[in-house]
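Following the hints, put chains G, Y and L with the ligands in place on chain A, whose structure we already have.
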Amino acid sequence: MSGLDELYQQIILDHAKARHGEGALSADAAHAERFERNPTCGDEIRLRIAIDGAHVDAVGWEGQGCSISQASASIVGQDVPGLTREDAQLRVDAMRRMLRTRGEHDDADLDLLGDASAFEGVAKFPMRVKCAMLPWVALEDTLRQVTARD
Amino acid sequence: MSGLDELYQQIILDHAKARHGEGALSADAAHAERFERNPTCGDEIRLRIAIDGAHVDAVGWEGQGCSISQASASIVGQDVPGLTREDAQLRVDAMRRMLRTRGEHDDADLDLLGDASAFEGVAKFPMRVKCAMLPWVALEDTLRQVTARD
Amino acid sequence: MQHQTIAPDALDRIRADFPELAEQVQGHALAYLDTGATALRPTPVLDAERVFAQTRTAAVHRGAHTLAALATVAYEEARERIAAFVGADADEVSWTQNATDALNMIGLSLARAQRGPHEQLVDLGPGDVIVTTEAEHHANLLPWQDLAAATGATLRIIPVDDDGVWTADDARAAIDERTRVVAFAHVGNVTGLVAPVAEVVAAARAVGALTVLDACQSAPHIALDLHALDVDAAAFSSHKMLGPGGVGVLYLRRALGLALPPARTGGSMITTVTLEGAEWMPPPQRFEAGTQAVTQVVGLAAATEYLDAVGLDAIAAHEHALGQRLVDGLATIDGIRIVGPQPGQERAGLASIVVDGVHAHDVGQLLDAQGVAARVGHHCAQPLHRRLGVAATTRASTYLYTTEAEVDRFLDAVSGVRAYFGVGR
Amino acid sequence: MQHQTIAPDALDRIRADFPELAEQVQGHALAYLDTGATALRPTPVLDAERVFAQTRTAAVHRGAHTLAALATVAYEEARERIAAFVGADADEVSWTQNATDALNMIGLSLARAQRGPHEQLVDLGPGDVIVTTEAEHHANLLPWQDLAAATGATLRIIPVDDDGVWTADDARAAIDERTRVVAFAHVGNVTGLVAPVAEVVAAARAVGALTVLDACQSAPHIALDLHALDVDAAAFSSHKMLGPGGVGVLYLRRALGLALPPARTGGSMITTVTLEGAEWMPPPQRFEAGTQAVTQVVGLAAATEYLDAVGLDAIAAHEHALGQRLVDGLATIDGIRIVGPQPGQERAGLASIVVDGVHAHDVGQLLDAQGVAARVGHHCAQPLHRRLGVAATTRASTYLYTTEAEVDRFLDAVSGVRAYFGVGR
Ligand SMILES: Cc1ncc(COP(=O)(O)O)c(C=O)c1O
Ligand SMILES: Cc1ncc(COP(=O)(O)O)c(C=O)c1O
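Protein chains in written order, with the numbering used here: chain A, 1 to 150; chain G, 1001 to 1150; chain Y, 2001 to 2425; chain L, 3001 to 3425.
These are computed hints drawn from the structure, not numbers from a lab.
Being a predicted model, the structure only gives us computed values, none of them experimental.
Where is the CB? At the ideal position from N, CA and C, for every residue including glycine.
Take these hints with a grain of salt, some might be off.
Here's a subset of chain Y near chain A, in silico, CB distances under 8 angstroms, partners left out [unchecked claim]: (1) Gln2026; (2) His2028; (3) Ala2369; (4) Gly2422.
Here chain A stands alone, though its shape is the one from the complex:
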């Protein structure tokens, strides 16, 4: 598999089109909202979550950007609803380990991440790491907001 095909795995290209969770949560229904922007390339996302006790009840987002950031948002929209807030944070951590610390993640991280493990190849493209992380960073902030309010 060439470096490029590792970056753009079919599952990523599919998610970039599927856009799970896009527009799935209105501002009224959300308990926290976060706008994140990658100033270098202009990718942006507005991500919202709704909480039900210890669980993330729903995730919705609007945004624009490259296929990496859009696919990443789609995976958040697909996989995060229903997780406990704690498990959601664990996935953020695992994403960060996989993308930022060059090989310090392990198979357990990949298992945990599910579809998001397809981003493993992004670590080799430092300029794209921010794109893949963008929705996760937004997610982390919304989780922090609700925790702060607990």
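Quick look at chains G, Y and L with the ligands alone, frame taken from chain A:
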């Protein structure tokens, strides 16, 4: 004669001490006055002239600086009084040729300049050219002032 | 129309002076099409810098010892060289950190001039107008926003059309009696549009407004004669014209430079300093507070010599041909939108595109995987991109060392983008 | 007290890295005693720059292609290296044109902060006081005069004694409740005085004033820990510490950087730009408008590696010894007045003198004729010289490559000055 001794000819060192014309003309008695400063090294001079028709009647100056600029002022103070305004300007021009145009001056210039021809060696020290020219530049400006008023 | 260009054997010799062109990227020979961002550096320029650094490092305009004197002479000769390169006099050319700094310097100096006590050349206050265009680089927009905010003046924008193009008529419509400053790019860094300088200057002159030319994308590529263009101020950057980074050039017409106060103060730009205040030197030193990038200025002078040896007319003709090849080729590819002047119209040797259905970042990645280095993003021109309705574009830009084969590799790679991302099938 | 120094063989190896030391001046081997103005550049630094320029020239933080990514990584690693060198975090360190620019940046940013709408960390208006000393370099005086003029604040000066020395008590006497900014040089460029940083910072903190450290003459020579010194801002220049020209370093404590608006605006320092205004990136990018001197930053990182390899403590000990040798030697010469701390007192490895009856320019000429490159003039400190009652002084300054023999050549040459000019016989 070493380069240094060419720069600091005895006649220059003597003039630096003699300081002809220093304090020789009060502001009241002068027809024109000019303050010049060399920002690089801080040399400064306030030069005044008194005019009698076509002639420079008197030159006086106050100033401080290196031996080159002080000697140059002394030579102006010694040689310029009594010259016609035109001749005084010719000396300024000859000084400039000698110091700035690397060898474009001729023996006639040296003859004309008298004691000031001792500055010939300064041309080899570009950082000192401004020092030697300082009083002459001030003189030129005072001549221009009186001409403008004619 | 343009006869003399860079012959193939001359191009080979030129390319041999740029070691970076021999780099491999992702397993492919590098095709560097990002000169619009920064140009590569030829060996003769690096040699000039190195020789100077190893034999003439000393304080200029400050020391009296021999090395300081030699360094000062070399530095001032470099200034003369660079001034001559753009049709200016040496005392009209000051160094800054980059072109952005030069443009800010103009804005900050004009703001300071309003506070007096310096001679006031340009009145700027409520009701007065600063004009610039919608297509500007942020470096030629933000400083004017800042100047407007600092003085109460209004910033008025010359709008562009759907392609990002503005005309002399658009400029004339924006310039009125209250206009005090008109700032615009000579060549657009996204659009490749060549501005109607003469018409804009005439309109500005007619109302007594200053003209500021952002020459970042022109000075490196076409023979520039600032006196003939008759602008009051101009800015460009060494690093876009084969020179080292860290040197911007600020051109101020003599009368303007003499009237403007400095934006920064410190050593080497004063005559007398007391605890209460300072008197400034005349230009160019007035605008050069502190120790300048002497080695780099000498490097830039070597770069202008290099460019002159090839010949600016030959360079312009070479890039003109490459620019036409670019847009003509792009016009044949499905799903591509060309920004700026359309095929057949005059443009600089660069082109920015939108690939329908594919984000510019993904386009860039695909190009990079084939060794083609192009620029993707908003190119520091967000308002223009907003007007074009896109977040980002992909830009290929050329220089004297660019080959037709490199342009073709870009075209080839672009042809494959939509298929790779499964768009438009 | 200081044990570890630079051993003779290590000194030989160091000197071999500086080709300029082998230059002949006026028929003599060069004795370079003008590091206080600018330092020489070692071959490893020039090599690092050249390799980078030939293989990694590309736009940083703007491009997505491979070379741009590699250049960006190298550039940010250099920032981390340089920040660590002075005990700062990477996001607290921004690049400027030179130290003068960095100091102006602080002043201009504080002035802009007064205009809002940005969070206002420091109130500056009539009645508020900015404090600096009578011994400052113009770069650390004029920007404060400008800031005072722009805001209506008052500039108050810590006076020096007849030797040009000021003390912690002098500083405490000048700092009062209305003091908002205290700016001072860590090491005096004329006097060699080492400032009582801890005491001044404590006095400033007690009234809530910001401290600004001019570290131009300390960062190159002693191990600096800006966090430990607890200053709010600092500035120094690459060219005085073996690095290339064209790079100044602006240190802003994190909280201050986050609170300050930028003095210059343009590309690479914004997140969102509209035609009406812009949002800025956080520090350090906020203060880096436009294309930076990337190659030179990489060169400066190599310079800090070079300095670390020799060891800052060894360098400081070496220069301490040379400084003592200088003043001890000068004290034995008739008709010499030493500026700054007197023999026996602590001082940096430099000394400025007045030769009775001989203008400094003439002194410098005589030194130069013997190959000794020292600096003559007001060293960008006119108020100090006015206070000392002289127009100019002669300064010898040392660095890691300076030998005792060079110091002795300076002393020898100075001994002969008065005789040559026929003074004091
Ligand atoms: C104490 C001090 N401050 C400021 C400066 C200014 O540094 P630069 O000229 O590199 O901006 C210098 C050096 O000239 C200096 O010695
Ligand atoms: C048209 C234009 N203006 C201004 C700039 C800013 O130049 P610099 O980043 O060198 O300051 C650039 C380049 O980025 C440009 O293309």
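* Would the stated hint for Y:Gly2422 survive a check requiring a Cβ distance to chain A of less than 8 angstroms? -> holds (6 angstroms)
* Asked: Regarding the hint that Y:His2028 lies at the interface with chain A, is the smallest CB-CB distance below 8 angstroms?
  -> At about 12 angstroms, which exceeds the 8 angstroms cut-off, the nearest Cβ of chain A leaves the hint on Y:His2028 violated.
* Closer than 8 angstroms between Cβ atoms is the bar; does Y:Gln2026 clear it against chain A? Give me holds or violated. => holds (7 angstroms)
* To do: Identify whether the interface hint at Y:Ala2369 stands, where standing means a beta carbon of chain A within less than 8 angstroms of its own.
  => Where the cut-off is 8 angstroms and the nearest Cβ of chain A is about 4 angstroms from Y:Ala2369, the hint holds.
Hint 2 from the list above is the single one not met by this structure.
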